[in-house]
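Residue numbers (my numbering), protein chains in the order written: chain A, 40 to 311; chain E, 40 to 311.
These are computed hints drawn from the structure, not numbers from a lab. Be a bit skeptical, because a hint or two may be false.
As the list makes no split between identical chains, a pair holds if one copy fits it or if it spans any two.
[What the hints assert, rightly or not] Below 35 Å or equal to it, Euclidean Cα-Cα: the simulated DSBU-like pairs (lysine-lysine) are:
(1) K127 / K51
(2) K99 / K127
(3) K127 / K310
As the structure is a computational prediction, the values presented were derived from the model and not from experiment.
Protein chains: 2
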Amino acid sequence: MSTPLEVWVNGKAVANSNVALDVMDRGLNYGDGLFETTLIHSGQIRFIDSHLARLREGCKRLRLSCPERALLEEIVQIASTTQEGILKIVLTRGSAGRGYRPDPNIESTRILSLYPMPSSHAVPGLRLRWCEMRLSRNERLAGLKHLNRLEQVLAQSEWQPEEADEGLMMDTAGEVVCATAANLFVVREGVLITPDLRYCGVEGVMRAQVLRAAEALNLSVSVEPIWPDDLRHSSELFITNAVRGIRSVASLSDIEWTSTAVADRLRTWLKL
Amino acid sequence: MSTPLEVWVNGKAVANSNVALDVMDRGLNYGDGLFETTLIHSGQIRFIDSHLARLREGCKRLRLSCPERALLEEIVQIASTTQEGILKIVLTRGSAGRGYRPDPNIESTRILSLYPMPSSHAVPGLRLRWCEMRLSRNERLAGLKHLNRLEQVLAQSEWQPEEADEGLMMDTAGEVVCATAANLFVVREGVLITPDLRYCGVEGVMRAQVLRAAEALNLSVSVEPIWPDDLRHSSELFITNAVRGIRSVASLSDIEWTSTAVADRLRTWLKL
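Same shape as in the complex, but just chain A:
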């Protein structure tokens, strides 16, 4: 696991160590905040508008103050001096006393951490597995990239990296929702389908780009519930995230796929 090259808290670079957070921060105490993981490419944050739009929407739903102007200035500056890397943005409700009740007068905390680009494995197709851990359903939190991520943590702890590349997660009702850190797309009878996220899952930035590209390419698209059995009848699978892009799936337990045709068209259109 990588450690950050540099960290900024509320616009200030943190020197020497990364010890820079108030222990009273509500991000720590309640997971009361949001995050974004962005890719810096050629000195620019890829899909910056989508990341900021999701953050803005998340702030609105959690009633969190969104320091968008300061954040935008900072991340543009970091991107331009970095050229290539991963920039993680954490935005919390800020520091306050004990108790769940949010104090509307406190200022949010923004934590930016810069990581080197992960070494790109030229993986032809991902090997997926099913996770035992289920996602809980809650319409009020669905779609948000919030800091309550214990379900993903427990899901990823189910296997070792050498056993599989990613894990698929169902919700507690048995619907297939996503991978632990990526959205899911399947192709079935010529239709590109991605799970609707009305109960859980994250509205991925790359997922939105794929839906946009699919429309431009006149693909037949459906956003609907997906069940495990549907995967067996799909001709192609891929998963998406903002940093890693579109990644074709080669297998899920005993099911195998060889087609990458739709993923290839989308990658080409999106210049990934």
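Start from chain A and add chain E according to the hints.
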């Protein structure tokens, strides 16, 4: 909202400010950890065994290393020099790089913060309200006092302190589970009932004490699902938490209660 009198991170007192946490801590990034809120009374932590037992059980379920001996030493020392107060214990999986996957080799982080005793309002009976926010169901996380608390945060943001003393929460299926920061007990046809917590809710330290006291007092007890309609047919309601003890409920929206008989017997037996 109160601010801490003193803070310790991994056994070291934090001087001057509370800025003492690594921004890479998994408690912040994923809510990957647990907490306990304890009462210090006459130089001792009340129900210390129950708090430590719950923490130990939580660590086991989250596969988190539990620094029990160090923690015990520290909290006993703090309690003995403090006499009266609130001690909050946060235990996280520690600091690691980006990514959900837990690194089994990292050390957990323990954060202790000491608060003054809250001013005790001599409230004769609490006024409760219903929360719109629902609790999501997930057997794997049920009962744990983990750091994923966005649901409680959003629930408490629904009302102002002067409008109600606490809010009751249902889960997404409509079962009544608990208050935002307390467990619920109802008396119906002479039976003391508390919601089972198989899908969500926290296994409260005071809840366990009440169940123990009820057994000693030969009360008829049932741990079972409770639905909103059941409350209307109950003769007495109270809520419990480790710091505030047993608190009788006077009203929930338009329903009112005057009996505090069972709560009184339990309070007397437990010397609260």
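Verification of the supplied hints:
When the C-alpha separation of K127 and K51 is checked against a cutoff of 35 Å, the pair qualifies both within a copy, at 15 Å, and between copies, at 29 Å. In the homo-oligomer, the alpha carbons of K99 and K127 lie at most 35 Å apart both inside one protomer (20 Å) and across protomers (30 Å), since each shortest distance falls under that limit. Within a single copy, K127 and K310 get their C-alpha atoms as close as 23 Å, which meets the 35 Å cut-off; across copies the closest is 50 Å, which misses it.
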